[in-house]
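**Student:** Required output: the full structure, derived from the provided sequences and hints.
End of the sequence shown = 391 in the numbering used here, gap-free, step of one.
Worth flagging that the hints you see were computed from the coordinates, not collected in a lab. The structure displayed is predicted, hence computed values, not measured ones. Where hints are given, some of them may not hold.
[Claimed, not checked] Straight-line C-alpha distance at most 30 angstroms; calculated DSBU-like pairs for lysine-lysine:
1. K386 - K368
2. K227 - K260
3. K374 - K356
4. K305 - K353
5. K353 - K267
6. K374 - K386
7. K281 - K353
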Amino acid sequence: MAQHSSTNKHNKKSHVGSSLHPPPLFSHFFMATSLSLSISPTTITAFRFNLSAMAAATTVTVPPIRVAPAVIVGGGRVGRALQDMGTGGDLLVRRGESVPLDFEGPIFVCTRNDDLESVLQSTPPSRWKDLVFFQNGMVEAWLERKGLRDANQVLAYFAVSKIGEAPVDGRTDTNPEGLTAAYGNWASVVASRLKAGGLSCKVLDKEAFQKQMLEKLIWICSVMLVGARHGGVSVGVVEKEFRTELSSLITELASAAASEKGLTFEEAMEERLCAYSRAVAHFPTAVKEFKWRNGWFYALSEKAAVQGKPDPCPLHSLWLKELRIV
66 MAQHSSTNKH NKKSHVGSSL HPPPLFSHFF MATSLSLSIS PTTITAFRFN LSAMAAATTV
126 TVPPIRVAPA VIVGGGRVGR ALQDMGTGGD LLVRRGESVP LDFEGPIFVC TRNDDLESVL
186 QSTPPSRWKD LVFFQNGMVE AWLERKGLRD ANQVLAYFAV SKIGEAPVDG RTDTNPEGLT
246 AAYGNWASVV ASRLKAGGLS CKVLDKEAFQ KQMLEKLIWI CSVMLVGARH GGVSVGVVEK
306 EFRTELSSLI TELASAAASE KGLTFEEAME ERLCAYSRAV AHFPTAVKEF KWRNGWFYAL
366 SEKAAVQGKP DPCPLHSLWL KELRIV
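**Tutor:** Here it is in structure tokens:
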């Protein structure tokens with residue numbers, strides 16, 4: 066490095082007399098060009114060597130992404146994948162174990178929705194603010210009941226086929242930058258970990274996150290229901306062969322969600338959700354975790370019936386009854 070600095074000083078002195086005088090190496094090159102149309106092999110070699118040395122001296126080393134240690138609740142596919150993205154300082158908490166009070170940092174909750182109550186009970190109340198929820202579905206109402214309205218949340222648009230395999234990012238042709246998003250005080254820490262693992266992650270404010278959360282809820286509820294009524298075909302088959310049904314249900318559920326929450330979704334939702342369907346075309350379909358997913362929309366239908374109003378989700382209600390889910 067010192068030799069490089071000395072060379073720079075020498076070059077600067079070479080330019081003091083006149084800005085029209087090039088450095089010695091380039092002077093040799095220009096003289097050779099003006100006297101004849103040929104350049105000696107020695108000059109070319111020296112010129113190439115000097116450029117290579119300059120490039121090597123100015124190479125910038127990009128430091129690795131810093132990944133903060135975390136408590137990870139749940140040793141399933143997502144929990145293990147998050148642990149693999151860490152640097153060895155994480156603490157994995159399994160079912161029935163308590164979250165420690167003295168382990169600083171975020172607490173990644175990677176369990177099934179039905180296990181959330183037990184996770185909360187095994188976590189010291191003073192640490193609730195550090196909980197980061199990775200669950201799909203409508204957990205908003207549950208969080209509000211627990212006094213966790215502003216809890217950290219993650220919309221995980223990446224898939225982990227089985228424990229130990231690298232996660233596949235949910236990048237689509239309409240959103241090549243990726244769809245995974247995080248909200249809350251620990252959002253930037255989550256984003257850093259995911260990026261260290263080769264995944265995308267946007268940090269959003271509350272309103273933007275809520276819209277994306279509802280979009281994913283609409284995707285799960287519509288694609289899985291249409292697929293289930295056709296024998297559990299794959300997500301890709303739903304998008305390709307039953308697009309009309311899927312489109313109608315997406316429109317219906319989006320309208321109901323927007324009315325209930327008093328918000329306006331970004332345009333082209335159907336295109337975004339169908340693009341994601343193509344990205345995970347191999348996924349099977351089934352209506353699962355009803356009370357956390359389709360159950361939220363069916364509750365809107367039940368509320369409308371009690372109030373003597375039209376069903377905001379008539380297709381959804383009809384197809385649930387057709388499958389004897391309700």
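**Student:** Each of the hints needs a verdict: does it hold here or not?
**Tutor:** Verification of the hints:
no.: 1; hint: K386 - K368; verdict: holds, 17 angstroms
no.: 2; hint: K227 - K260; verdict: holds, 20 angstroms
no.: 3; hint: K374 - K356; verdict: holds, 22 angstroms
no.: 4; hint: K305 - K353; verdict: holds, 22 angstroms
no.: 5; hint: K353 - K267; verdict: holds, 27 angstroms
no.: 6; hint: K374 - K386; verdict: holds, 19 angstroms
no.: 7; hint: K281 - K353; verdict: holds, 15 angstroms
Violation of the numbered hints given earlier is absent; every hint is satisfied by the structure.
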